[in-house]
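One-letter residues, chain by chain:
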Amino acid sequence: MAMYNDKVMDYFLHPHNVGEIENADGTGVYGSPVCGDMMQITISVDKDTDVITDAKFKTFGCGSAIASSSMATDMIIGKTVEEALNVSNKQIIEELGGLPAIKIHCSVLADHAIKSAIYDYAKKNNKTYAGLEGFDPDADDEEQEDTPEHI
Amino acid sequence: MAMYNDKVMDYFLHPHNVGEIENADGTGVYGSPVCGDMMQITISVDKDTDVITDAKFKTFGCGSAIASSSMATDMIIGKTVEEALNVSNKQIIEELGGLPAIKIHCSVLADHAIKSAIYDYAKKNNKTYAGLEGFDPDADDEEQEDTPEHI
Amino acid sequence: MRQVYLDYSATTPVKKEVLDEMLPYFSEKFGNPSSLYDLGQEAAAGVAQARGRVAHLINANTNEVFFTSCGSEADNWAFFGVTDAQSAKGKHVITTAIEHHAILHSGEYLSKRGIEVTYLPVDHEGRVHPEDLEKAIRPDTVLVSVMLVNNEVGTVQPIKELAAIAHKHGITFHSDAVQGLGNVPIDVKDLGVDLMSFSSHKIYGPKGVGAMYMKKGTKISNYLHGGAQESARRAGTENTAGIVGFGKAAELAEQNLESHIKNVSSLRDYFIEQVKKNIPDVIVNGTMDGRHPGNANITFKYIEGESILILLNEKGIYISTGSACSSKSLAPSHVLTALGIPVEMIHGSIRFTVGDFTTKEDLDYTVECLTDIVKHLREISSVNAEKGW
Amino acid sequence: MRQVYLDYSATTPVKKEVLDEMLPYFSEKFGNPSSLYDLGQEAAAGVAQARGRVAHLINANTNEVFFTSCGSEADNWAFFGVTDAQSAKGKHVITTAIEHHAILHSGEYLSKRGIEVTYLPVDHEGRVHPEDLEKAIRPDTVLVSVMLVNNEVGTVQPIKELAAIAHKHGITFHSDAVQGLGNVPIDVKDLGVDLMSFSSHKIYGPKGVGAMYMKKGTKISNYLHGGAQESARRAGTENTAGIVGFGKAAELAEQNLESHIKNVSSLRDYFIEQVKKNIPDVIVNGTMDGRHPGNANITFKYIEGESILILLNEKGIYISTGSACSSKSLAPSHVLTALGIPVEMIHGSIRFTVGDFTTKEDLDYTVECLTDIVKHLREISSVNAEKGW
Ligand SMILES: Cc1ncc(COP(=O)(O)O)c(C=O)c1O
Ligand SMILES: Cc1ncc(COP(=O)(O)O)c(C=O)c1O
Chain F
0 MAMYNDKVMD YFLHPHNVGE IENADGTGVY GSPVCGDMMQ ITISVDKDTD VITDAKFKTF
60 GCGSAIASSS MATDMIIGKT VEEALNVSNK QIIEELGGLP AIKIHCSVLA DHAIKSAIYD
120 YAKKNNKTYA GLEGFDPDAD DEEQEDTPEH I
Chain Y
0 MAMYNDKVMD YFLHPHNVGE IENADGTGVY GSPVCGDMMQ ITISVDKDTD VITDAKFKTF
60 GCGSAIASSS MATDMIIGKT VEEALNVSNK QIIEELGGLP AIKIHCSVLA DHAIKSAIYD
120 YAKKNNKTYA GLEGFDPDAD DEEQEDTPEH I
Chain D
0 MRQVYLDYSA TTPVKKEVLD EMLPYFSEKF GNPSSLYDLG QEAAAGVAQA RGRVAHLINA
60 NTNEVFFTSC GSEADNWAFF GVTDAQSAKG KHVITTAIEH HAILHSGEYL SKRGIEVTYL
120 PVDHEGRVHP EDLEKAIRPD TVLVSVMLVN NEVGTVQPIK ELAAIAHKHG ITFHSDAVQG
180 LGNVPIDVKD LGVDLMSFSS HKIYGPKGVG AMYMKKGTKI SNYLHGGAQE SARRAGTENT
240 AGIVGFGKAA ELAEQNLESH IKNVSSLRDY FIEQVKKNIP DVIVNGTMDG RHPGNANITF
300 KYIEGESILI LLNEKGIYIS TGSACSSKSL APSHVLTALG IPVEMIHGSI RFTVGDFTTK
360 EDLDYTVECL TDIVKHLREI SSVNAEKGW
Chain S
0 MRQVYLDYSA TTPVKKEVLD EMLPYFSEKF GNPSSLYDLG QEAAAGVAQA RGRVAHLINA
60 NTNEVFFTSC GSEADNWAFF GVTDAQSAKG KHVITTAIEH HAILHSGEYL SKRGIEVTYL
120 PVDHEGRVHP EDLEKAIRPD TVLVSVMLVN NEVGTVQPIK ELAAIAHKHG ITFHSDAVQG
180 LGNVPIDVKD LGVDLMSFSS HKIYGPKGVG AMYMKKGTKI SNYLHGGAQE SARRAGTENT
240 AGIVGFGKAA ELAEQNLESH IKNVSSLRDY FIEQVKKNIP DVIVNGTMDG RHPGNANITF
300 KYIEGESILI LLNEKGIYIS TGSACSSKSL APSHVLTALG IPVEMIHGSI RFTVGDFTTK
360 EDLDYTVECL TDIVKHLREI SSVNAEKGW
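Protein chains in written order, with numbering that gives the first Met the number 0: chain F, 0 to 150; chain Y, 0 to 150; chain D, 0 to 388; chain S, 0 to 388.
Chain F extracted, bound-state conformation (with noise of 0.2 angstroms):
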C-alpha cells in the first residue's frame, strides 16, 4: 500500500498488545463506530511504582487508528503513568515514521484512550496526576494544538 510506510503497514498487519486484560486496572475508550475510529485500551498497573506493566488495544477503524494504537501501547508499557499521560499523538506518529496527512486528525486516537484508562485507574484508586489535570473523559474531542499538519 502506497499510502503507508513500511513501519506503519507492519504495525497494522501485525498488531502488538491485541486484546483485553482481564481485569484490567484501567480501561479507557475513545472515538466511536459511527466516527469511524473507535479505541479501546486496558492498562494493568504496578501501584507500588505507578508503571504500567501491560497494555492491549482493541480498535474499529482503519490502517492508521489500528496501527497508531498498537504503536501507542507499545510506547506506554514500561512507562509510569505520568511519563504515560505524556505520550502524545504527535509522538507516536512519529514513532510510525508519519502518517498521510488527511489520517492525523482523525483516526489517531491513542492519546486520549491513554488517558481515559488512566483516569478509570486513578479513580479506582483514588489517585492525581498533573497530567490528567482538567482531562475530561467524557469530553467530545480535545483541540490537537500541535499536531504538525503535514508530515
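It should be emphasised that the hints constitute simulated quantities derived from the structure, not laboratory data.
Since the model is a prediction, treat every value here as computed from it, not as a measurement.
Mixed in with the good hints there might be a few duds.
Stated by the list, open to error - Quick list of in silico lysine-lysine cross-link-like pairs, DSS-like style, CA-CA up to 25 angstroms:
hint : chain 1 : residue 1 : chain 2 : residue 2
1    : D       : Lys374    : F       : Lys55
2    : D       : Lys88     : D       : Lys215
3    : Y       : Lys123    : S       : Lys386
4    : D       : Lys111    : S       : Lys111
5    : D       : Lys134    : D       : Lys88
6    : D       : Lys159    : D       : Lys88
7    : S       : Lys359    : S       : Lys276
8    : Y       : Lys78     : Y       : Lys122
9    : S       : Lys314    : D       : Lys28
10   : D       : Lys111    : S       : Lys90
11   : D       : Lys28     : S       : Lys374
12   : Y       : Lys6      : Y       : Lys55
13   : S       : Lys15     : D       : Lys15
14   : S       : Lys111    : D       : Lys215
15   : S       : Lys88     : D       : Lys111
16   : Y       : Lys6      : Y       : Lys78
17   : Y       : Lys6      : Y       : Lys89
18   : S       : Lys188    : S       : Lys167
19   : D       : Lys386    : F       : Lys55
20   : S       : Lys111    : D       : Lys88
21   : F       : Lys123    : D       : Lys386
22   : S       : Lys215    : S       : Lys188
23   : D       : Lys15     : D       : Lys28
24   : Y       : Lys6      : S       : Lys215
25   : D       : Lys28     : S       : Lys359
Got chain F sorted already, so can you dock chains Y, D and S with the ligands onto it with the hints?
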C-alpha cells in the same frame, strides 16, 4: 482527398478547357481574389447558329472552383447560347456528383461567369436573349435561390 | 501471488482487441482529423467509425454522439450547457442524492452562482420514485438529471418513466449512464433521454475518452470552446487512438451484452451466496432487483472498510469501499447514506464488481481470504456482535 | 509513394520511446489512480512521474502542473476559471488578435455573458507591443492572456515583459504555450506567468492530453467538477496511458531541446531558401526573428491554398493553409489578417512545419513538387504576375 468525390478530383487534377481564347467572341469574369475565387471564361460562338463552339476558363480558387469551372466549360460547348444560359450551378454540381455543402455557395461561380461572357457577346453583336433579361454582369451577387443546401 | 481484480466499476483493463485497433493511430495514422490531407482524413475516418459504433450500441443517430475526455466532462457539459442555454427559462435543476460527484459537484458549483438544485431522495433499496420527481418540478426547472445505474450499489433507475415526466413538463432530461453502458441494454430512443453521458474506461476501452449523446434539437451550450471539432460542439484535437479504442470497446460491448450480463451476474450471485454462507453479520446493500450485473455491495459489520481493503490488497485482491477512511474527503459514501444505511455500517461496506475476466476460482479465493480477514479484524475490533455497536 | 509530413504544428506522431512507456498502462497497470490498492497506486505512480517530467521541462514545481484533456481545455480553464474566481474584482480580459480559437472562442462566449474582452493588435511581423498592453489595462482587468508562440506564423511573444506589466497591475497572466513547448525554452519562473497551457500531441506525445501550469496561489476556479483527481482541481478519471506518454515526451523534449531547435530551424531555413530560389512571387509571412524553429509560412501569389494543398497531397506531401477554402468557417486566417496581409494573399498562404522526422531529401522533394504545382496553378489562374490582382 476524402473531401471531394472522384469525379470532382478528376476535373480538378485534369481540368478541361484551361486557357484563354484569343479574340474571343465573349469574355466573362466573376468573383474576386479577395473573396477567394475568381473565374474568367472566354467563348467562341458561331454567329449564325448561336452555338458555342469553344469555351476556355481560367480560375483562381480552390479545388471545387477549378473543377466546377472545368465542368461548366464542358457543359456549354456545343450548346446554343440560350441553352447555355439555362445551365445552373445546381446542374454543374449535379454533373460533378455533388460537392461538400460548405463549398456550394462560395466556389461555384460558373453560371454567373457564363452569363457574363454571353452578355459580352450579345452586346458586341447586338443580340438579345430571354435568359439575359435583367442580368447585370457587375451586380455583386445573385441570390442562388435553388441551390440545394446539402448534396 | 494470485491477483484478483474485483473493481470493474472503478475501471476496466483495455481488451486486447481494443488496444490492437488503437495502436496504428499513435505513430502511423497520427494525422490531425481536422487536416484535409489524406493522413488527417484517415484519422477522421477512424473517429467516424468509432462514433458509428458507439451510436449503434445505444441506438442513437451517429450525428448525435459527441466525444469528450471522460464521463465527468459529459456530466459537467449537461449541467453547465443546459443551465446556460436555457437560463432565460429558469434556474432550477433537479437531480438525485445518489449521483456521481461529477454531477453533485457541478450542481454545487452552480448553486453558488444562482442556480437552485433539488436533490431527489431514494428509498432504502436505492430507487428514485417518479412521484418525487413530479412533485419537485417547478415552472422554472430546466434540467432533470438522473443516473441510469448507480456506481456504488448498482441500482438501475426507471429512466424511461422519469424522462417522460420531465418531457411532459417540457424539461430537458439527462442521464449519467457511465455505469450502465455495456452492463444494461441502452436504447436512447426508447428511454427518451435528451442527453446521456458515457465513459470508455468502464467498458474495457481506454481512459481519457467519454461521450455525450445529444438528441438533435436539445438546447445546450457548448462547454469546451475552440476549434470546430465534433461538429463544432466540443473543441480540442481529438484523442483519435482513444476514440478508436472506445469505438471498438462499444462494438465488443454490443456483441457481448447478453453473455456478459449472464456470466457476470451469475458469478456475482455466486459470490454473494458464498460470502453469506461463510461470513456472519453481513448485509447486502441495495436492491438485487434491477441492478448492475457485476455489483455486490456488502457491509461487514463491526469492522472498517479500509482495513479490509488493505488486508485484501495484501492477498492481491482489489476492491473498493464506501468507508470515509479511504475517501479523500473523509466523508462516508453519500450513496449509502442516502439509502439510509447507518454510518457505522457504511464504514464497513465494500463494493465488489465482477467483470469479464473474473473466474469462479478468483471468487473462491476471495471468499477464503475475506473470511479470515473479517475474522481477524473482528478480533481486533472494539465492537462486536455480542457487545453490539 | 514518398510521404512527407510537414505539418508538425498540427500534430506530431507519437515517438516509439513514448508509446513503449504507455503500453503497460492499457491492460496491465490499468488500475484507477484513485484506487488505494496497489494496482491503482501503480497507475498513480505513473501519473506522478509524468507530472514530474512535465514540471521539470518548464521549471515548475511538481504540484503546480495539472493534467487536462488537451491544450484547448487548459485555455478554457484559464478564461472561465479566472473570470469566475475574480468576478468580484472585475469583468475585463485582455488577449490578442492572433490567439488560437480555444482562446478566442472562450472570449467570445464570455463576452456574451457580461465579460468585456480587449484584443491587442500585432504588428506586421506578428508581434504584440508591450505599450499596447499597458494602455489596455483597466482597474477591472482580471486576466491577460498572450500566447507564447503563434501556431500559424510561429512568432514568439515577449511574455516575460508582458507578464511583468500585468503583475505590476496585480493582474493574473496566462500564456498559451501549446506551440512553444519543446520548441522554445520555457521557464515558467523566469517568465513569471501564473498560468500556462500545454498539449502533449504537439511534442510527439499522444493526443487527448494537455496540461495547465498553475502557479501556487493563483485565483482560479475549477473547470471540470467531480472527483478529487489532480489534487481536486480537475475531475475525471485520469488518462493514465496518455499522461504517461506526455511525461515521456516531455522528458525527450527536454533532452533534445537544443539539438531539436538547431536541426529543425536549419532545415526550415534551407527550405525557405530553396523555395525562394525556385519559385517566383513568394512572400514569407511573419518575422524570422524569434520564431518557432520549424515554422515557414509562405504566400504563393496568384493562386489559392486549398488547390496547392490538394495537389501536394497527391504527391504525399502534407501541409496546411490559411486559406478560407480549407477552413470549415470559410473565413481566411485571422492570424494573417491581423498581420495586415491582404486577403487575396492569405488565400494563397501555406504553413509548412518541419519536425524531428523531416529530412533534407523530404524538403528537396517538396520544393520540386511545389515548383511544378505552383507553375501549373498559375497557368490555370485568372490572375497572374503580369495582370496583377
Ligand atoms: C496555439 C495553440 N493553442 C491551443 C491549441 C489546442 O490544443 P489541443 O489541440 O490540444 O486542444 C493548439 C493546437 O491545436 C494551438 O496551436
Ligand atoms: C456513475 C458515474 N458517473 C461518472 C463517472 C465519471 O467518469 P470518468 O471517470 O470517465 O470521468 C463515473 C466513474 O468514475 C461513474 O461511475
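These are the hints, each one checked on the structure:
1. At roughly 19 angstroms between alpha-carbon atoms, Lys374(D) and Lys55(F) fall within 25 angstroms of each other, so this suggested pair holds.
2. Proximity of Lys88(D) to Lys215(D) is assessed by CA-CA distance (about 19 angstroms); at most 25 angstroms being required, the pair is judged to hold.
3. Our distance criterion of 25 angstroms between C-alpha atoms is met by Lys123(Y) and Lys386(S), whose separation comes to about 24 angstroms.
4. Simply put, Lys111(D) and Lys111(S) have alpha-carbon atoms about 21 angstroms apart, close enough for the 25 angstroms limit, and the pair holds.
5. Between Lys134(D) and Lys88(D) the CA atoms are separated by roughly 19 angstroms; this keeps the pair inside 25 angstroms, and the hint holds.
6. Taking the CA atoms of Lys159(D) and Lys88(D), the gap is about 24 angstroms. The hint holds against a cut of 25 angstroms.
7. Proximity of Lys359(S) to Lys276(S) is assessed by CA-CA distance (about 16 angstroms); at most 25 angstroms being required, the pair is judged to hold.
8. Restraint check for Lys78(Y) and Lys122(Y): the C-alpha separation of about 19 angstroms stays at or below 25 angstroms, so the hint holds.
9. Restraint check: the Cα-Cα separation between Lys314(S) and Lys28(D) comes to about 17 angstroms, which is no more than 25 angstroms; the hinted pair holds.
10. Distance check on the hinted pair: Lys111(D) and Lys90(S) sit about 18 angstroms apart at the alpha-carbon level, within 25 angstroms; holds.
11. In summary, the hint linking Lys28(D) to Lys374(S) is not supported, as the alpha carbons are separated by about 31 angstroms, beyond the 25 angstroms threshold.
12. At most 25 angstroms may separate the alpha-carbon atoms for a hinted pair to count; Lys6(Y) and Lys55(Y) meet this at roughly 19 angstroms.
13. As the CA atoms of Lys15(S) and Lys15(D) are separated by approximately 20 angstroms, the hinted pair is consistent with the 25 angstroms bound.
14. Between Lys111(S) and Lys215(D) the CA atoms are separated by roughly 24 angstroms; this keeps the pair inside 25 angstroms, and the hint holds.
15. Distance restraint check for Lys88(S) and Lys111(D): the Cα-Cα separation of roughly 17 angstroms lies within the 25 angstroms cut-off, and the hinted pair is therefore satisfied.
16. Pair hint Lys6(Y) plus Lys78(Y) holds up; C-alpha atoms about 22 angstroms apart against a cutoff of 25 angstroms.
17. Distance restraint check for Lys6(Y) and Lys89(Y): the Cα-Cα separation of roughly 16 angstroms lies within the 25 angstroms cut-off, and the hinted pair is therefore satisfied.
18. Distance restraint check for Lys188(S) and Lys167(S): the Cα-Cα separation of roughly 16 angstroms lies within the 25 angstroms cut-off, and the hinted pair is therefore satisfied.
19. Straight-line distance between C-alpha atoms of Lys386(D) and Lys55(F) comes to about 18 angstroms, which keeps the hinted pair within the 25 angstroms bound.
20. The hinted pair formed by Lys111(S) and Lys88(D) meets the criterion: a straight-line CA distance of about 17 angstroms does not exceed 25 angstroms.
21. A hinted pair counts as satisfied when its Cα atoms are at most 25 angstroms apart, and Lys123(F) with Lys386(D) qualifies at roughly 24 angstroms.
22. Distance hint between Lys215(S) and Lys188(S) is fulfilled; the C-alpha atoms sit about 12 angstroms from each other, no more than 25 angstroms.
23. With a C-alpha separation of about 19 angstroms, the suggested pair Lys15(D) and Lys28(D) falls inside the 25 angstroms cut-off, and the hint holds.
24. About 58 angstroms separates the Cα atoms of Lys6(Y) and Lys215(S), which puts this hinted pair outside 25 angstroms; it is violated.
25. For the hint pairing Lys28(D) with Lys359(S), the CA-to-CA distance comes to about 23 angstroms; that is within 25 angstroms, so the pair holds.
Of the numbered hints given earlier, the model fails hints 11, 24; all others are met.
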